[in-house]
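J.: Sequence:
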Amino acid sequence: MGCHMVVRLQSIVSRLVAPQDEVVLTCGSFYGGDAHNVIPDFVKFKINVRTYNEKVRARVLKAIKDIIYAEASAAGIPKEPTIERTHKYPLTSNDPELTEQLRSLFIDHFGESHVERMEKLAGSEDFPNLALPHNAPYMIWFWGATAVERYDKAVEEGTVDSLPQIHSAGFVPAPGELLRSVFELCLWRHYHT
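Numbering (this note's numbering), first residue to last: 1 to 193.
Some hints could be false.
Each computed DSS-like pair below joins lysine-lysine, with the alpha-carbon atoms no more than 30 Å apart [said to hold, decoys possible]:
| no. | residue 1 | residue 2 |
| --- | --- | --- |
| 1 | Lys55 | Lys65 |
| 2 | Lys79 | Lys65 |
| 3 | Lys88 | Lys120 |
| 4 | Lys46 | Lys65 |
| 5 | Lys62 | Lys44 |
| 6 | Lys79 | Lys44 |
| 7 | Lys44 | Lys88 |
| 8 | Lys65 | Lys88 |
| 9 | Lys120 | Lys65 |
| 10 | Lys79 | Lys120 |
| 11 | Lys55 | Lys120 |
| 12 | Lys46 | Lys62 |
| 13 | Lys88 | Lys62 |
| 14 | Lys88 | Lys55 |
| 15 | Lys62 | Lys120 |
| 16 | Lys120 | Lys46 |
Across the chosen pairs, the derived CB separations fall in these ranges [stated by the list, open to error]:
| no. | residue 1 | residue 2 | range |
| --- | --- | --- | --- |
| 17 | Asn135 | Glu84 | 22 to 32 Å |
| 18 | Leu61 | Glu156 | 37 to 47 Å |
| 19 | His134 | Ser113 | 28 to 38 Å |
Read the hints as simulated data drawn from the structure, not as lab findings.
Backbone N, C-alpha and C fix where the C-beta goes; we use that ideal spot for every residue, glycine too.
All chains, full assembly: derive it from the sequences and hints.
T.: See the structure below:
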């Protein structure tokens, strides 16, 4: 039954959401029992939903609930499923004015060749939770954290997209270079305002 739920949940993206609405629905954890020869009396799975629009998000969350309850009912499960919301990541939408200010600052300090605009990301980010309660503008940015030699080699080989990124088991940041860049920028900003 749990497997059927996960398969049906995957159909939300393909059948209930318009392609331009860009939804990611991931089942990142699935657990049910400890023995190979006993059908467990429970299944626990964790899913992550990422959207770019709050209305679409509400529709997806409702579909998740509907599918879980319907699959449990169709399987004749006497106990009602429990859905526990453990994390909520709001839509991250950078403030355009602040973004341009910081972009100029970064270009002034690091040089234009070291500052890139990023495409939309379908990440799970709690960063806006710091600013939204205070109605404060915010901008999230990403620092390069790969060792310069490793990055340069990947550029040369055309394999930059395959470098391990944050939340990957293969991600190994170069902390000295990363921290040096952050401190440089903070000091530069302090003495140039």
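J.: If a hint holds in the structure, say so; if it does not, say that too.
T.: Going down the list of hints, with the structure as the test:
With a CA separation close to 16 Å, the supplied pair Lys55 and Lys65 stays within the 30 Å bound. In summary, the hint linking Lys79 to Lys65 is supported, as the alpha carbons are separated by about 15 Å, within the 30 Å threshold. Between Lys88 and Lys120, the direct Cα distance comes to roughly 19 Å. Compliance with the 30 Å bound is thereby established for this hinted pair. Simply put, Lys46 and Lys65 have alpha-carbon atoms about 13 Å apart, close enough for the 30 Å limit, and the pair holds.
Of the supplied pair hints, the one linking Lys62 and Lys44 holds, its CA atoms being roughly 19 Å apart against a limit of 30 Å. Distance check on the hinted pair: Lys79 and Lys44 sit about 14 Å apart at the alpha-carbon level, within 30 Å; holds. Proximity of Lys44 to Lys88 is assessed by CA-CA distance (about 18 Å); at most 30 Å being required, the pair is judged to hold. A C-alpha spacing of about 16 Å is found between Lys65 and Lys88, which places the hinted pair at or below 30 Å, so the restraint holds.
With a C-alpha separation of about 27 Å, the suggested pairing of Lys120 with Lys65 holds against the 30 Å cut-off. This hinted pair does not check out: Lys79 and Lys120 have alpha carbons roughly 41 Å apart, beyond 30 Å. A C-alpha spacing of about 18 Å is found between Lys55 and Lys120, which places the hinted pair at or below 30 Å, so the restraint holds. For the hint linking Lys46 to Lys62, the alpha-carbon distance of about 16 Å falls within 30 Å, and the restraint holds.
For the proposed pair Lys88 and Lys62, the alpha carbon gap of about 15 Å is at most 30 Å, so the pair holds. For the hint pairing Lys88 with Lys55, the CA-to-CA distance comes to about 15 Å; that is within 30 Å, so the pair holds. Taking the CA atoms of Lys62 and Lys120, the gap is about 24 Å. The hint holds against a cut of 30 Å. With a C-alpha separation of about 24 Å, the suggested pairing of Lys120 with Lys46 holds against the 30 Å cut-off.
At roughly 30 Å, the beta carbons of Asn135 and Glu84 sit within the given window of 22 to 32 Å. A C-beta distance of roughly 45 Å is found between Leu61 and Glu156, which places it inside the suggested range of 37 to 47 Å. The given range of 28 to 38 Å is respected by His134 and Ser113, whose C-beta atoms sit roughly 35 Å from each other.
Of the numbered hints listed earlier, the single one contradicted by the structure is hint 10.
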